[in-house]
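All residue numbers for the sequence shown refer to the working numbering, where the first residue is 2 and numbers rise by one.
Because the hints were derived from the structure by calculation, they are not lab data. Because the structure is a prediction, the values reported are computed rather than measured. Ideal Cβ positions, reconstructed from N, Cα and C, are used throughout, including at glycine. Watch out, some of these pointers could steer you wrong.
[As the list claims (entries may be wrong)] With a cut-off of at most 27 Å between alpha-carbon atoms, the simulated DSS-like pairs for lysine-lysine come out as follows:
no. : residue 1 : residue 2
1   : Lys31     : Lys233
2   : Lys146    : Lys277
3   : Lys281    : Lys20
4   : Lys281    : Lys256
5   : Lys288    : Lys146
6   : Lys23     : Lys52
7   : Lys146    : Lys177
8   : Lys277    : Lys238
9   : Lys52     : Lys256
10  : Lys288    : Lys23
11  : Lys84     : Lys177
12  : Lys52     : Lys177
13  : Lys177    : Lys53
14  : Lys146    : Lys52
15  : Lys238    : Lys52
16  : Lys146    : Lys84
17  : Lys256    : Lys20
18  : Lys177    : Lys281
19  : Lys238    : Lys20
20  : Lys53     : Lys20
21  : Lys23     : Lys238
22  : Lys277    : Lys23
23  : Lys31     : Lys281
24  : Lys288    : Lys277
25  : Lys288    : Lys53
26  : Lys23     : Lys233
27  : Lys238    : Lys31
28  : Lys256    : Lys233
29  : Lys177    : Lys31
[What the hints assert, rightly or not] What follows is a list of derived Cβ distance ranges for each label pair:
no. : residue 1 : residue 2 : range
30  : Tyr117    : Pro250    : 44 to 52 Å
31  : Thr170    : Leu198    : 16 to 24 Å
32  : Lys146    : Pro247    : 36 to 44 Å
33  : Gln248    : His118    : 14 to 22 Å
34  : Lys288    : Asn214    : 29 to 37 Å
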Amino acid sequence: MTHDQASGLRHKINRLTGKLAKTVAVVSGKGGVGKSNISMNFGLNLTQRGKKVLIFDMDISMGNIHVLSGLTGKRSIVEFFEKGCSLEELVMTGTEGVSYILGGSSLSKLIEWDNYHLERWISAIEALQYQYDYLIFDMGAGVTKESLDILMSVEDILVVTTPEPTSLTDAYSMIKFIHLQGGTNTFYLICNRAESLAEGREANGRLQNVVDNFLQREVIELGVLPEDRHVKQAVTKQTPFLLAFPQAPISIACKTLTDNYLTGAKTPSFNGNSSKFIEKLRHFFMKGRSENEK
């Protein structure tokens, strides 16, 4: 059986069983905290555990997943909207089977599209949800009106911060904004570039306490990733650090983080489920368009 035949069979089985990909957004309050690197290596580690993963590079201005993973393809979602390509045609497969779709500047124009184009976009994502185990949206830093619809719809949001006070403040602002918009997502916290496990755990704990005290909302600590020279070396190689340096401290910590996500982290009772993702996405996109027309 060829890869394409196996993929088609998997799609049909998932359609019959109603199995849908889990939806995850990776965010940060500001740029430069290593969000895209975490998205890519987290997705890679999931594939190493037998999961089928698709990463959407949704950073309109600074999308760099293709650079970090050494991909040379230049096709992006722009071609979905402007040339009528299907999303499946835009999928690129990188090392170890992780799939990617590049974002591009057309994402900033989603609010301008008519109902037909928006419905085509949502239906295309729904079809992909039957083909993968995880859809990971690597979002741009901060929140825009274009990204908010996705953030309000996904099941889980991984919030990436560093121990710096300004980074923690920005991460809190991100969580607060989504919370006040009525988001029912599960928030997971990752402290990156920590000088020690203790420093990272302390930073995570401070943010958890602030969110609990002021928003009465739970944020689950997912893990701590260390400051590690191997990250820069992997970026230079345009190879995920999990592959370039599998025994480096950053790689070991990333595997622990994935373990925590898959088996160790509890899920609050307010979390949604995979079947609600498209329903929410359609609601928020159409609501945004209606408000824009007023």
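Hints not upheld, ascending by number | 4, 8, 11, 12, 13, 14, 19, 21, 25, 26, 33
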